[in-house]
Amino acid sequence: MGKLQEAAERKIRDICRRYVDEKTPLMMILSDIQNEYGYIPLEVQEVVSEETGISVAEIYGVVTFYSFFSLTPKGKYVIGCCLGTACYVKGGQQVIDRFSELLHIAPGETTEDGLFTLDALRCIGACGIAPAVTINGTVYPKMTASRVNEVIATYLIEEEKAKGVAAE
Amino acid sequence: MSIVNIKIEGIPYQVEDGLTILEAAKACGYEIPSLCAFNHGECNAGSCRVCLVEATGARGLVASCVYPVSEGMEVRINTPAAVEARRHSVELLLSNHNQNCQACDKNGWCELLHAAKLVGAREGAYAGEHAETFVDELAPGLIRDTSKCILCGRCIARCQNAHGLGILGFENRGFNTIVSPAENRSFADSPCIQCGQCVSVCPTGALMEHSEIDKVDEAFRAGKHVIVQAAPAVRAALGEEFGYPIGTPVTGKMIAALRRLGFERVYDVNFGADLTIMEEGTELLGRLTNGGVLPMITSCSPGWINYAEYNYGDLLDHLSSCKSPHQMQGAVIKSYWAEQHGVDPKDIFVVSIMPCVAKKYEKDREQLKVNGIPDVDAVLTTRELARLIMRSGMRFNKLPDEEWDQDIMGDYSGAGVIFGVTGGVMEAALRTVYFKLTGKEKDKITFEEVRGHEAGIREASLDINGTTVNVAMASGMRSAKILLDEIREGKSKYHFIEIMGCPGGCINGGGQPYVRPSLLPDEDDDILETYKEKRARALYSEDERQVIRQSHNNPQIKELYEKYLGEPNSHKAHELLHTTYQAKERFR
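Order-wise, the sequence lines are chains A and B. For the first sequence, the numbering used here gives the first residue as 25, with consecutive numbering after it. For the second sequence, the numbering used here gives the first residue as -15, with consecutive numbering after it.
Hints in this document: simulated from the structure, not taken from any laboratory. Be aware that one or more of the hints could be misleading.
Said to hold, decoys possible - Straight-line alpha carbon distances no greater than 30 Å define the calculated DSSO-like cross-link-like pairs of lysine-lysine that follow:
1) B:Lys542 to B:Lys330
2) B:Lys199 to B:Lys353
3) B:Lys10 to B:Lys(-9)
4) B:Lys428 to B:Lys568
5) B:Lys518 to B:Lys465
6) A:Lys47 to B:Lys465
7) B:Lys465 to A:Lys35
8) A:Lys35 to B:Lys568
9) B:Lys330 to B:Lys547
As the list claims (entries may be wrong) - The following label-pair restraints were derived from C-beta to C-beta distances:
10) A:Pro131 to B:Gly356: 33 to 41 Å
11) A:Val189 to B:Glu350: 56 to 64 Å
12) B:Val119 to A:Val163: 39 to 47 Å
13) B:Tyr110 to A:Lys100: 40 to 48 Å
14) A:Val189 to B:Gly158: 54 to 62 Å
15) B:Val119 to A:Glu182: 46 to 54 Å
16) B:Tyr110 to A:Ser55: 35 to 43 Å
17) A:Val163 to B:Glu350: 57 to 65 Å
18) A:Val163 to B:Glu26: 58 to 66 Å
The beta-carbon is built from N, C-alpha and C at its ideal position, and this holds for glycine as well.
Required output: the full structure, derived from the provided sequences and hints.
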C-alpha cells in the first residue's frame, strides 16, 4: 500500500471530523473527499475507517456502489453523458459513442494526458433537454453526435490558451 | 412480553409480539424455507427472497424473515402464488450458481441445496448469463469462491458481530455485486484473521476451509512416519457429523478411527496443552516476580495472534512467547520422539486435527520452524476428519472405544482438556500457578469463576497465598478489543488475560461441524443458543473423569523435562517451545 502524504492524511481526518455528530456520516465524508481530490483510493478509505469505525470493506462497498465516487483519479474535465431512458431514446448512445471514438477511451476511463474522463450516467433529471451532457457542471442540452467534435475542441483551445499564458 | 393473535393457513395462534413471521411460523410448527435469515436476526438482510409469504395488511408477498407479526394478521404460506414465488427465488439464485454440487465440500451441509429441495426447484429454469467469478485460494486457511455465493450477507454479519472486523463487504452493484474483502483482495492480503467464522455461517460452498486432505494422502504415499494429534475441542463435536446429539464426547471412537486411518501414532494435543501450561505458567510467575510486562496474554489462538499483529503491533510484548499446544507437541515429536525412535525429523509428517482454520495458517509461520523444519505439516479441521472417516468405509458408531498411544506422550491431565473452551487455559494455568505459589494443590481443584462458553468478557480476582492475581477472559475480537484498549491506555488492572479468537473458544471454532437448524430437524429450535454450552460441558465432564487434573502432575511431562528439556523456560525449551511475533501491515 502506498502511504498518504501527511498533509493529505490530516485533511482527510479533518473532513471526517466535520461530521462526528452525524448518525450516518459516511456519504457526506465520501462526497467531500471526492469533491476535494477527485477520487477515493484505498489508503484514503483506511483513514476514513480509522476515524469512523466503519470497516474498510463497507466503505469500499459504498464507493463502488455509487458511480459518483471514483477509485482512480478523474480527468480535469469530466464528461457525463446521460443514458437515462429519455436521453437514450433521443440518441444519447450515439453521443457517448462519438466521445469514446474521438477521445480513444471507453466510458469510465480517463485519457492518458489526464484531461478528459468519460462517464455514462443514469437519468440526471434533465429529460426535457435530452440527450443531455454535462462537463464539470456545464450542461450541454440536446446534444448530437455531430457536435461532439466542436465541444471537445472548445476545451482543447482553452487548454492551449492556458498553456500559452503559463509560457509567457 | 405481549401476545398477538394471528392466523396461519386459517388456524388461529397466539404468538409473541415483535417476532418476524418466519420466527412466529416456526413457533407454530412451520418451516418456511429461508437462506439469508440466520441466528435470530444476526443476519437479517432480507436479501434472498426465499421466504416469501402472503400476509394481510401487506402489499404483495412479504419476506417473512424481516416482516413482523401484528394483531389479527393472517399468514398464508401455501397459496399457489407464494409457493411459486419461493420456487422462482431459489431458481434465480441457482441460475447464477455453478451447481457443481458433487465436487463441493459443503455437500451434505448446503442450505441452498436444501432450499432447492424444499421449494421444488426445476433444472435450468432461468438459464442465462453468469456473473464473472473469482476464486481466492491464496490464504492457507480459507477459500472464497464467488461462483457459489448467493449474496446473503451472513458472513459479513458474523465477521462484524464476532470481531467488529468487517473484513467482508458487498462490492460493486447489480449483477456485478460480490462479497469480498475490500478491493476484491485475497484474505491473505487483507487484515483477515482467518478464524473461519464466515465459513461456519456460509450457507453454500462459497466460503470453505482450505482442505489439506491431499497433503496427508501424499505423505502416506511417500512412506513418511505420519503422526496425528487431535485438539481437545474436536472430541466434543466430531460426533455431530455422524448423527450424535450435540455435546456427545466421542474421544474413544475418534481414536479408534484415527488408528484405522493408518496413522503411526495417535496422540492427544492435551499433552501439548500440559506442556504449554508448564511453560506459560512459569513465564507468568517470572513476569509477576521480576517486574516483567503485564498483563501477560495467552498465545494459543492463531486467530487472536493474527488480530494482535494486524491491529496491536505496539502490544506484542504482552503476548506469552509460548507456541500453541499443537505446535509445541509437533516440535517435541520432531525432536524428543524422533531421537527416542531413531527417526530423521525430515521423515516425520505431523498432522493436527483442529477445530480451527487459522491453525492452517499458523503451521506455515516462519517463526514456528525449528532449524527450517515446521513443527506441524498439515492441519485438518474437525469437518475434514469426518470426511476422511466417511471415505474410509468405517461406520463411526460401530467403532470400539480405544485409548491414545501411551508411549512418552500419552498421559494428559484434565487441565489440558479444558483448553478447548473460553476460560479453560486460564483455569489450567491457575491450577499450576496456585501450586507453584503455595507449594500445595488447591482443595477444590476447579476455578468456577473463570468458566463460560459465550463471547464477551469475564473477570476474576484471586488471592493466592497473599498474592492477588487479577485475571480476565475474552473470546471474539470485539470483546478482546476492549481489554486491549485498556492496556494501550495504561488502565488495565489485570495480570493475566486469556484471549480466544472465536466466540466461546475452540468449541465454536471455524473448523467445527456446522450447526444448521434447518438441516437438523430433530434438534430443538434453540440449538444455536445452546450448542456452545453443550460442547463445553462435554470437555468439563472429561476433565472431571481424569485422575490427574493439573498439568504439573502429568508424569510424562515430568519425564520430558527430566530427560530432555531440563526446566520450564530453559534454553532448550525456548528453542523448541517458544516463538516471536511481528506487527503486520493491514493492507499489503
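Hints, one by one, checked against the model:
This hinted pair checks out: Lys542 of chain B and Lys330 of chain B have alpha carbons roughly 27 Å apart, not beyond 30 Å. At most 30 Å may separate the alpha-carbon atoms for a hinted pair to count; Lys199 of chain B and Lys353 of chain B meet this at roughly 19 Å. Under the criterion of a C-alpha separation no larger than 30 Å, the hint pairing Lys10 of chain B with Lys(-9) of chain B is consistent with the structure, at around 13 Å. Proposed proximity of Lys428 of chain B and Lys568 of chain B is contradicted: the alpha carbons are some 43 Å apart, above 30 Å.
About 27 Å separates the Cα atoms of Lys518 of chain B and Lys465 of chain B, which keeps this hinted pair within 30 Å; it holds. The straight-line distance between the Cα atoms of Lys47 of chain A and Lys465 of chain B is roughly 23 Å, inside the 30 Å bound, and the hint therefore holds. Proximity of Lys465 of chain B to Lys35 of chain A is assessed by CA-CA distance (about 28 Å); at most 30 Å being required, the pair is judged to hold. For the proposed pair Lys35 of chain A and Lys568 of chain B, the alpha carbon gap of about 26 Å is at most 30 Å, so the pair holds.
Of the supplied pair hints, the one linking Lys330 of chain B and Lys547 of chain B holds, its CA atoms being roughly 23 Å apart against a limit of 30 Å. Restraint check, Pro131 of chain A to Gly356 of chain B: a C-beta distance of roughly 53 Å breaks the suggested window 33 to 41 Å. Between Val189 of chain A and Glu350 of chain B the CB atoms are about 59 Å apart, so this pair conforms to the stated range of 56 to 64 Å. The supplied range of 39 to 47 Å is met by Val119 of chain B and Val163 of chain A, whose beta-carbon atoms lie about 45 Å from each other.
Taking the beta carbon of each, Tyr110 of chain B and Lys100 of chain A are about 45 Å apart, inside 40 to 48 Å as hinted. Between Val189 of chain A and Gly158 of chain B, the C-beta spacing of about 45 Å breaks the proposed range 54 to 62 Å. The hinted range of 46 to 54 Å is satisfied by Val119 of chain B and Glu182 of chain A, whose Cβ atoms lie roughly 48 Å apart. Look at Tyr110 of chain B against Ser55 of chain A: about 38 Å separates their beta carbons, and that is inside 35 to 43 Å.
Roughly 60 Å separates the CB atoms of Val163 of chain A and Glu350 of chain B, a value that falls within the hinted 57 to 65 Å. Between Val163 of chain A and Glu26 of chain B the beta carbons are some 47 Å apart, a value that contradicts the proposed interval 58 to 66 Å.
Hints 4, 10, 14 and 18 from the earlier list are contradicted by this structure; the remaining hints agree with it.
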